[in-house]
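So the protein lines, in turn, are chains A and B.
Residues 1 to 318, numbered by UniProt numbering, are exactly what the first sequence covers, in order.
Residues 1 to 318, numbered by UniProt numbering, are exactly what the second sequence covers, in order.
Read the hints as simulated data drawn from the structure, not as lab findings.
Heads up, some of the hints might be wrong.
With the Cβ distance kept under 7 Å, some of the chain B side facing chain A (calculated, not the full set) [what the hints assert, rightly or not]:
1. Met-1
2. Ile-38
3. Gly-42
4. Lys-74
5. Val-75
6. Glu-78
7. Tyr-82
8. Val-84
9. Arg-94
10. Ala-97
11. His-99
Even glycine gets a Cβ: it sits at the ideal position worked out from N, Cα and C.
There are 2 protein chains.
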Amino acid sequence: MRIVVLAGGIGGARFLRGLKKAAPDAAITVIGNTGDDIHLFGLKVCPDLDTVMYTLGGGINEEQGWGRADETFKVKEELAAYGVGPGWFGLGDRDFATHIVRTQMLAAGYPLSAVTEALCERWQPGVRLIPMSDDRVETHVGIELDGERKAVHFQEYWVRLRASVDAHAIVPVGAEQAKPAPGVLEAIAEADVVLFPPSNPVVSVGTILAVPGIREAIAEAGVPVVGLSPIVGDAPVRGMADKVLAAVGVETTAAAVAEHYGSGLLDGWLVDTVDASAVERVESAGIRCRAIPLLMTDEDATTAMAREALALAEEVRA
Amino acid sequence: MRIVVLAGGIGGARFLRGLKKAAPDAAITVIGNTGDDIHLFGLKVCPDLDTVMYTLGGGINEEQGWGRADETFKVKEELAAYGVGPGWFGLGDRDFATHIVRTQMLAAGYPLSAVTEALCERWQPGVRLIPMSDDRVETHVGIELDGERKAVHFQEYWVRLRASVDAHAIVPVGAEQAKPAPGVLEAIAEADVVLFPPSNPVVSVGTILAVPGIREAIAEAGVPVVGLSPIVGDAPVRGMADKVLAAVGVETTAAAVAEHYGSGLLDGWLVDTVDASAVERVESAGIRCRAIPLLMTDEDATTAMAREALALAEEVRA
Numbered sequence: 001m002r003i004v005v006l007a008g009g010i011g012g013a014r015f016l017r018g019l020k021k022a023a024p025d026a027a028i029t030v031i032g033n034t035g036d037d038i039h040l041f042g043l044k045v046c047p048d049l050d051t052v053m054y055t056l057g058g059g060i061n062e063e064q065g066w067g068r069a070d071e072t073f074k075v076k077e078e079l080a081a082y083g084v085g086p087g088w089f090g091l092g093d094r095d096f097a098t099h100i101v102r103t104q105m106l107a108a109g110y111p112l113s114a115v116t117e118a119l120c121e122r123w124q125p126g127v128r129l130i131p132m133s134d135d136r137v138e139t140h141v142g143i144e145l146d147g148e149r150k151a152v153h154f155q156e157y158w159v160r161l162r163a164s165v166d167a168h169a170i171v172p173v174g175a176e177q178a179k180p181a182p183g184v185l186e187a188i189a190e191a192d193v194v195l196f197p198p199s200n201p202v203v204s205v206g207t208i209l210a211v212p213g214i215r216e217a218i219a220e221a222g223v224p225v226v227g228l229s230p231i232v233g234d235a236p237v238r239g240m241a242d243k244v245l246a247a248v249g250v251e252t253t254a255a256a257v258a259e260h261y262g263s264g265l266l267d268g269w270l271v272d273t274v275d276a277s278a279v280e281r282v283e284s285a286g287i288r289c290r291a292i293p294l295l296m297t298d299e300d301a302t303t304a305m306a307r308e309a310l311a312l313a314e315e316v317r318a
Numbered sequence: 001m002r003i004v005v006l007a008g009g010i011g012g013a014r015f016l017r018g019l020k021k022a023a024p025d026a027a028i029t030v031i032g033n034t035g036d037d038i039h040l041f042g043l044k045v046c047p048d049l050d051t052v053m054y055t056l057g058g059g060i061n062e063e064q065g066w067g068r069a070d071e072t073f074k075v076k077e078e079l080a081a082y083g084v085g086p087g088w089f090g091l092g093d094r095d096f097a098t099h100i101v102r103t104q105m106l107a108a109g110y111p112l113s114a115v116t117e118a119l120c121e122r123w124q125p126g127v128r129l130i131p132m133s134d135d136r137v138e139t140h141v142g143i144e145l146d147g148e149r150k151a152v153h154f155q156e157y158w159v160r161l162r163a164s165v166d167a168h169a170i171v172p173v174g175a176e177q178a179k180p181a182p183g184v185l186e187a188i189a190e191a192d193v194v195l196f197p198p199s200n201p202v203v204s205v206g207t208i209l210a211v212p213g214i215r216e217a218i219a220e221a222g223v224p225v226v227g228l229s230p231i232v233g234d235a236p237v238r239g240m241a242d243k244v245l246a247a248v249g250v251e252t253t254a255a256a257v258a259e260h261y262g263s264g265l266l267d268g269w270l271v272d273t274v275d276a277s278a279v280e281r282v283e284s285a286g287i288r289c290r291a292i293p294l295l296m297t298d299e300d301a302t303t304a305m306a307r308e309a310l311a312l313a314e315e316v317r318a
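Same shape as in the complex, but just chain A:
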């Protein structure tokens, strides 16, 4: 079975770990979000790709969900001593090496997809990880700060400001001109199932879908497309998805997120048991819906979620 997964960072990475257990023989292609990529200290940092790579490759800081295990922060400490910022982005020494290798390869002319493949040779994530695009796409967030309207990089909004102010717009700058990376459209066309893990529907899955051609390819693939709600009990399971959902006019409920994807794209949707009452509303929107436990508390729970997603896909197919 060939499975394509559109993944953001932590939620996507953890779901993928369960999916690998649920479908050990499947060929899994992960299309990774690069909209939250950022240049820091002259280095190209790809937080979502790295979170997937480290999580599946066994190098992740489990507790934190991002960054490397057994990490130290000497480089960051020294950069601060030079007065060079930003200090709010937590790059560890081990993590720096990844960005140094990536930046060096990009400067040598390799596209991000080739660089990602090279980095994965070390990590052996057990999936094929492809960035959504080799072109630069950067999600900017429109906010009002100190009475002034301005746009900030997604990471500045998310990490520095911790989404503490309202967002009034989410703009994946460069997405309109971006082309899907080599292999993305082919993987979708050959897929048996497409899954949306409980990643952020706006700044993770939404950004991937904003690259022209990807949404269309999924809609036209003619295979089951099943998603898992990142919203449980009217609140994001993790992160601050409510802020960015509000910015695009979507309420923070499992049902509203399904409707936001729409029945033209989504065939099946899993909500948490606490949101069982949403099933009817989602189904009336033309999307098959089931309520199951959706908290990725451990690998077994996550594996069960992945199994349910695949089961729902088969139900849709039949």
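Let chain A serve as the given structure and place chain B on it in line with the hints.
Just chain B now, with coordinates in the frame of chain A:
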């Protein structure tokens, strides 16, 4: 008093520490060798400038003589795990931060001299440190390896091969087209004394003198030019200067190095007491010479050497 010092790495840096004690009120300008600069992992590394900066700024690994104190090697370990080399160049985590800041500033368009000034704002070395040139100069060494004649970067010869094979040529690639960095010729023109510390006469001081205009400016400054022999008892005090001296046809003796600089450039020369017999030969070449203890065993010994150099300069002037 305004003193100009042409400095390489360890020898130059340690001498400068003594000079600052010997002449606490002097305005010292250090013209640093950049011929052993190297690009590693996409980063610009300036070993000699950094050794001077770290040594005078209190950040040096004292035992080793180069690199940072309290250093760790996580980044290097990770780069090796990615299969990215070279592994023979020992960049520590703290040191990496310096190269990251430098590379980022260079990419932003600042010349190396401005970058060095910015880095020194943190380290406060107590001297004005200027690279010999903002232009790229790279010392290459012609060797015969496995029966094949080839040219390797100086660092590859020095660090990787540990000068274990004979060098038949030393070429400061790019020197002929290089211009002295802003401030270099001005500092020389305004100097009261010019000193050559016991740095390598070929690949350190020699490379600086290979930048068109610098040798001429020193010769024409009309002030005492005094050097200290890096050769004691017919052997380099440190490093493998004999290998590169042989490559340029100079014997490894204190007298031969003085003659190599020549009386057109050098007015005074200090040799070690074990080389007292060389005094006559050097003086007959038209260079005032004294024999004093020349081993920089501790700061007091080094300060005494600097005092003797300044005293010889005054003797020459009178």
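Verification of the hints:
This hint is violated: Met-1 (chain B) has a C-beta 31 Å from the nearest C-beta of chain A, more than the 7 Å allowed. Violation of the interface hint for Ile-38 (chain B) is found here, the shortest Cβ-Cβ separation to chain A being roughly 14 Å, above the 7 Å cut-off. The criterion of a C-beta within 7 Å of any C-beta in chain A is met by Gly-42 (chain B), whose closest approach is roughly 4 Å, and the hint holds. Restraint check, Lys-74 (chain B) versus chain A: the minimum CB separation of about 4 Å is within 7 Å; hint holds.
For Val-75 (chain B), the shortest C-beta to C-beta distance to chain A is roughly 5 Å, which falls under 7 Å, so the interface hint holds. Taking 7 Å as the C-beta contact cut-off toward chain A, the hint placing Glu-78 (chain B) at the interface holds, the least distance being around 3 Å. Among the interface hints, the one on Tyr-82 (chain B) holds; its C-beta lies about 5 Å from the nearest C-beta in chain A, closer than the 7 Å criterion. Residue-level restraint check for Val-84 (chain B) holds (minimum Cβ-Cβ distance to chain A is 5 Å; threshold 7 Å).
The interface hint given for Arg-94 (chain B) is met, as the beta carbon of that residue sits about 5 Å from the closest beta carbon of chain A, less than 7 Å. Hint status for Ala-97 (chain B): holds, given a least beta-carbon distance of 3 Å to chain A, under 7 Å. Checking His-99 (chain B) against chain A: minimum C-beta separation of about 10 Å lies over 7 Å; hint violated.
Checked against the numbered hints above, the structure violates hints 1, 2 and 11; every other hint is satisfied.
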